[in-house]
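A.B. asks: One-letter residues, chain by chain:
4 protein chains.
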Amino acid sequence: MIRHYCGIFGIYNHAEAARLSYFGLYALQHRGQESAGIVTWDGQKLREHRGMGLVPEVFNERHLGKELKGDIAIGHIRYSTTGASLIRNAQPFIVRYKGLEIAIAHNGNLVNTLELRRELEEQGSIFQTSIDSEVFVHLIARNLNGHTLEEAVMAACRKVKGAYALLILANNKLIAVRDPHGFRPLALGRVAGAHVFASETCAFDLLEAEFIRSLDPGEMVVIEDTKVQSYKIETEAPTRQCIFELIYFARPDSLVFGEDVYQCRKRMGQELARESAPDVDFVMPFPDSGVYSAVGFAQESGLPYEHAMIRNHYVGRTFIQPSQDMRDFSVRVKINPVKSMIKGKRICIVDDSIVRGTTIRTRVKKLRELGAREVHFRVSCPPIKFPCFYGIDFASKGELIAANHSVSEIERFIGIDSLHYITIEGLLRSVSHPENYCLACFTGDYPIPCAGGGKLCLECGC
Amino acid sequence: MIRHYCGIFGIYNHAEAARLSYFGLYALQHRGQESAGIVTWDGQKLREHRGMGLVPEVFNERHLGKELKGDIAIGHIRYSTTGASLIRNAQPFIVRYKGLEIAIAHNGNLVNTLELRRELEEQGSIFQTSIDSEVFVHLIARNLNGHTLEEAVMAACRKVKGAYALLILANNKLIAVRDPHGFRPLALGRVAGAHVFASETCAFDLLEAEFIRSLDPGEMVVIEDTKVQSYKIETEAPTRQCIFELIYFARPDSLVFGEDVYQCRKRMGQELARESAPDVDFVMPFPDSGVYSAVGFAQESGLPYEHAMIRNHYVGRTFIQPSQDMRDFSVRVKINPVKSMIKGKRICIVDDSIVRGTTIRTRVKKLRELGAREVHFRVSCPPIKFPCFYGIDFASKGELIAANHSVSEIERFIGIDSLHYITIEGLLRSVSHPENYCLACFTGDYPIPCAGGGKLCLECGC
Amino acid sequence: MIRHYCGIFGIYNHAEAARLSYFGLYALQHRGQESAGIVTWDGQKLREHRGMGLVPEVFNERHLGKELKGDIAIGHIRYSTTGASLIRNAQPFIVRYKGLEIAIAHNGNLVNTLELRRELEEQGSIFQTSIDSEVFVHLIARNLNGHTLEEAVMAACRKVKGAYALLILANNKLIAVRDPHGFRPLALGRVAGAHVFASETCAFDLLEAEFIRSLDPGEMVVIEDTKVQSYKIETEAPTRQCIFELIYFARPDSLVFGEDVYQCRKRMGQELARESAPDVDFVMPFPDSGVYSAVGFAQESGLPYEHAMIRNHYVGRTFIQPSQDMRDFSVRVKINPVKSMIKGKRICIVDDSIVRGTTIRTRVKKLRELGAREVHFRVSCPPIKFPCFYGIDFASKGELIAANHSVSEIERFIGIDSLHYITIEGLLRSVSHPENYCLACFTGDYPIPCAGGGKLCLECGC
Amino acid sequence: MIRHYCGIFGIYNHAEAARLSYFGLYALQHRGQESAGIVTWDGQKLREHRGMGLVPEVFNERHLGKELKGDIAIGHIRYSTTGASLIRNAQPFIVRYKGLEIAIAHNGNLVNTLELRRELEEQGSIFQTSIDSEVFVHLIARNLNGHTLEEAVMAACRKVKGAYALLILANNKLIAVRDPHGFRPLALGRVAGAHVFASETCAFDLLEAEFIRSLDPGEMVVIEDTKVQSYKIETEAPTRQCIFELIYFARPDSLVFGEDVYQCRKRMGQELARESAPDVDFVMPFPDSGVYSAVGFAQESGLPYEHAMIRNHYVGRTFIQPSQDMRDFSVRVKINPVKSMIKGKRICIVDDSIVRGTTIRTRVKKLRELGAREVHFRVSCPPIKFPCFYGIDFASKGELIAANHSVSEIERFIGIDSLHYITIEGLLRSVSHPENYCLACFTGDYPIPCAGGGKLCLECGC
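Protein chains in written order, with UniProt numbering: chain Z, 1 to 462; chain E, 1 to 462; chain H, 1 to 462; chain X, 1 to 462.
Treat the hints with care, since some could be wrong.
The list treats identical chains as interchangeable, and a pair is accepted whether it falls inside one copy or across any two copies.
Said to hold, decoys possible - Simulated crosslink set (DSBU-like; lysine-lysine; CA at most 30 Å straight-line):
| id | residue 1 | residue 2 |
| --- | --- | --- |
| 1 | K159 | K98 |
| 2 | K334 | K66 |
| 3 | K334 | K69 |
| 4 | K45 | K397 |
| 5 | K159 | K334 |
| 6 | K159 | K343 |
| 7 | K339 | K365 |
| 8 | K98 | K397 |
To be clear, the hints were calculated from the coordinates, so they are not data collected in a lab.
Bound conformation, chain Z alone:
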């Protein structure tokens, strides 16, 4: 399973800043389910509440109505991939330096953390967590002497390498930054006189906020009182937005990188159909991931669209495990095929990715048991062969099935009659600005060279 990394939300100048942040994070919940946090500026000091769990589990009316006072807020939701799930790693992260309190919410992954950390420690920095964001904020603090906060943030951005969409809150200043490559998305909007920032525009829709624009790669927006200023991190970095946001991460009703996610996914399905449409009775998705590309595939191929795998809407996160002999239970509990639709049929399944292939294999086996005559598989994403160092947790290279196996080996492993992955060219035809995307997970061509010597490097093979 591919894990979402984080979502961020910010708001400036709204009497119910914490409450709107709550709803904003709620709309971004698909980007992280491990922890959530909100920090507000009450005019005197920062106030914070963070906790493990989903947004509605972490916050209650007392937090929103009483404790998180103030007109400015930033929020964060997180899915952690490394180490234990600890409350200490929940964000936004706050530090105190010379009387100034700084809160930071970070979506993305830095690649020169170890190097920077070593350097900072030589100068006396001491760390409390293992998260990237702590390095960021130490860099900011070290650059504060004699400089404004925005200068310090800018200086820190020039030091770090990697992916980041950031929200920084200090006193009555709210700063939003996207890294020079623009790996992670960040959008600016307005609602009722307030400015809002969010990872995806679906957060704006829930608040009935107006979408203004995406931040540019390398752009820093600073809001203070009624003043909104935009700065540019000088750099020659080419734009390298994460195409996986479009394939898989973002909610289909969001605009991301200026692309309409729903339309992109449909186009991927259409391209896929053009590349390889089998002769079958119908097309169906594995709900809900493949729905939109399957719809496009069906339209382009002229094959009937069916929805013959039924999702159990009540599957929650806590669930008592069955005893040993209930084979493949956790796969079965989530979706169940409609038997009468499967028996004797030739079926084409459209899905948005194959990572390890094990879940798909179990599902296909079930279809075979129910009498499916042929099962073909079409994937709206090229083979994932390389790990991502910019914020997506695909599992390590050793576990990526496409990194180690040919298409026909995967066909045999999954037990299907035919398999086709969309080509990189087909994928790029589905988006508006094909030159602006990072394709490293397919090609191994990393926009930022590996920092070397670190843990990540062991995997990239550099």
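Dock chains E, H and X against chain Z, hints included.
C.D. replies: Just chains E, H and X, lined up with the frame of chain Z:
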């Protein structure tokens, strides 16, 4: 909103009877989310656990692994419609009478409860709850003197009028009954040497149990040790199965009343398309209720199928309310349209029902705001004009929009360009045995005349 | 350990009836920690909330401020001794009969339950619980035809045998009853224009209510509107109040049966000192049970009083168990001796009872390990040789150490230098009306003969 | 109310290090009820769990049995006095520096924190909390370059001023330190081959550990593998142990500073009686604080000891507040007088301190209402006139009644017939080494001069 009433599950002769009941109820969760309960027979006495909430909230490992010992179990999930949500109303319901403990799990609604209650009280019965099932069990107990349990159950069944699918557990005997009209479904299956009963076959699929058959209307199945016996309640009642199970209630991957629910719903969409397919750009459902009829509609009409309303998968039951000025928030939080798909488009929405029309109206208004050029609405269910007394909570007659308004009035209220409800004839063409269904909510032609004088009667207008 | 059975509280005509009941139950918490419940009459119907746990765990502000509306309330706290701890057994218990709702809160144990239950079942009664109080309320209901509620209660009281202090709430009538022997206490008070009832007067102190009087044995008080009427159950039963309320149960700051509990306990200690004061360095209690008799003992004997066993005030009910090798942990965690006070000392311990002797033995062993030269034990209660059938759970006869062993055997078992139990005569000298007490647990002379054939009888040896 | 500041516990070389720490903290619970935490060294890295609440609320079996692996552990319980109660302030506190993880548990208060913090920030340190312990650990880290951990700790100790008992865990090294004045206690013991440290010896008793000795003021003990080494912080600081540990803080069954707490308190009562024993009917404590000095007072004066104020053992931390008109409720709910003991009596109350006097005043008023003829008050602690900067939270100077009022003014405020505080001389006669104690709260003679300019200084009046 239409509320599901209940689901029941039973198992005989399995070492992990409670655990399998847990999974069975889990698969039936869509039929009731208010409370859940399991009762087991440990060879000496009944053991029980009931609680408010979803199945995984009510039970923990200790309940399943330690407390609910025994090879026989019955379980129940409930959505209550009358009175407060009280733990005392959760089922299975247990009574003690002359040293015999009897547990009952009941899906359905009786219509002569008040009359029977009055009669029983004259004879000295005292009640603790306001639920129908308590009347049932008093009747059974009163008939026990000198008779076997199955004779007593049979006698009770001859007294009560209304809808019931029942599971009764006493000592090592498990009894399953369907009322003579067969309003509610009940299926029999087998797994690993055990017999299982469930409201819907999707519970069998999760357990990898084999579906044997549906119980007949008026059939009582008694299991004791290795003996399985079938009895018939003598009655001339015609079969009147609840067609709403097929339209709306049952999970699409279930078999109910011998019908394949998915196929039925697709056929309803196809019939609907034959009756009235508008000239539009595409067809889409309101997820997830209308999906299957929309798929059928799209196939029959040749119109493109889209999935342009996006469901938020993290909407839970507890949620902090927004402040006053976030208009229509609770509608918006559940599904959000894809703007680019709506703007300038002529859209046909297919859904499975209109009860009050207020939610649909809000959604349509949103589509208009986003620039939809035309919005047409097709419903795979005829107009609901009469309340149900057999276990469905449609809201009272005064609230049923079709009971009080013409199609063109509803069109105007909802704000759509055209509205078409499937005809009763079209609906009946979608099912295999059209003569076996109760259509009272459409026609007012109740299979069981109202008992008179009761609370329900005030609504039916008799 | 001796278990407290129950406490009851009632209030009539107070705008915050539920809230005051909450505080009343809170003050009676020592009488039962398993479950708590409050029922109010809101002018139309009964409202109830019951739950497992301590009073502050069961109720929250919403219950007291919103849900439990009404000017009349009864409440109950419970320690169950038989069967599982089930929410269904929590009181007050409510039944519905011919449109009348009746709530009952019962402290005590009936002895002819099985007989009555059989009789009622012959007449068609069906039971849901195994608690005595359900029999009571069936009897009341059966007597309601053509009679007032107070007549029906009176008739029920004439049928049942055993111990009961009752509060009954139906419509706007509150009825309080004490059984003819007066086994359990019940006091009447007033606060701010309202009448209040409570098991012990310490509940009145917390509410700053005025204590009016104890109910007489066999008295029924009925409050309706502004009318307070007293009735007498005609019976020749002699008064037989439970002396264990004075020895152990009641809080020392309560008045019970017209006796001042603190003074009684001090007098028991004084009598005990007169009967047998050893030559030791000091007297000390096992906190907190023996404190008051130890104080009296020290004063009478002239020996120094010490408090050299220290109680851990944070021992709660949930506690992770240590690993195997932490011997006697659960005894040690509660009280810890002051080493310097023990070493080389001759000590007299005064306590209020010995049931099984095992905890005392462990504590004495610890004192020996710490170097105590002599350990003498004085008990302000005669040897408990017979089980109680009227509401105290001493453990069964087989477990009562004094039922099966001589004083010198017990001395040896516990490991003490001398043991003396107060004589029955000494005990009776400590109370004001010695003729009014039940001494059955010491003498086996039961005021109500055993009903025969029941479960209890197996133990009494009749 | 005087607040306890903290308790610490450590263990080296025990297979169940976390579990024993849990029990150790449990025994120290009286020293802090706000948060608890345990950190273990699993051989590779530190593992931690911290939470808000009592020890049994914070930890569950999973924490102790699975997550907190390792043979070495340190634990902390805390009562915070400044700022909000935040999980981020819970200890042990962990930092990472150059690949080394350091955990620290700190009991006490530093006085030059602001100064040190400023200095560290100049050198680039960034802080996450407002607690003293973070300064300590930054100092340690800065001294690590080219030095061993013990050297770095020693260097840090030479920089900080104030009160500290510390446990430090890094890799497989456990370091325990007491500040040069020895303000806070720290004891060393052994159990089953393991070394243990605890604030008080009552923690050893619960574990059946053997008490070895108290650490000396200024001593640092380092344990690594089987090696135990002791170092001395070179300093000329005189020993200044906190006499309030003996008067009030420590559990009476503990040994603290080589003193037996129970015996000390009794001697304080005896000295007090010698100084001023009134002619009354009896002596009683306010439970449970004054019990031990009251016992000594009664023995020395020959007056009868009574226990006539009854403590409610079920008063918990969460409690629904009564409505406005229940005057003095929170005082009344905790202890209730035995009326018959009060009426017409001349009473001498012995207690261990008066801080603001408001609670005592309410209690005395109640005694007067119940008819007490005379109420005399004796306090086993001299008047508290100055705030403490070394870890006790007496409330600010403006709130200390003895700082601003004469004895006769306090008599009048509380409403008593006579008041006597033990003299400083009398107090010192109660302890073994009178020259070794800090008396600053009585005399204003602070062992460490105020650092100046800080927040604390505003209060000391320097």
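A.B. asks: Would you mind marking each hint as holding or not holding in the structure?
C.D. replies: Structure-based check of all given hints:
For a Cα distance limit of 30 Å, the shortest separation of K159 from K98 qualifies both inside one copy, at 22 Å, and across copies, at 19 Å. In this assembly of identical chains, K334 and K66 lie within 30 Å of each other by CA distance solely across copies; the values are 27 Å between and 39 Å within a copy. Taking CA atoms no more than 30 Å apart as the test, K334 paired with K69 passes between copies only; the shortest distance there is 28 Å, against 40 Å inside one copy. In this assembly of identical chains, K45 and K397 lie within 30 Å of each other by CA distance solely across copies; the values are 26 Å between and 45 Å within a copy.
Taking CA atoms no more than 30 Å apart as the test, K159 paired with K334 passes in neither setting, with 45 Å inside one copy and 42 Å between copies. For a Cα distance limit of 30 Å, the shortest separation of K159 from K343 qualifies neither inside one copy, at 59 Å, nor across copies, at 44 Å. For a Cα distance limit of 30 Å, the shortest separation of K339 from K365 inside one copy, 13 Å, qualifies, whereas the shortest one across copies, 38 Å, does not. For the homomeric pair K98 and K397, the shortest alpha-carbon distance between copies (28 Å) is at most 30 Å, but the shortest distance inside one copy (44 Å) is not.
Of the numbered hints stated above, those contradicted by the structure are hints 5 and 6, listed in ascending order.
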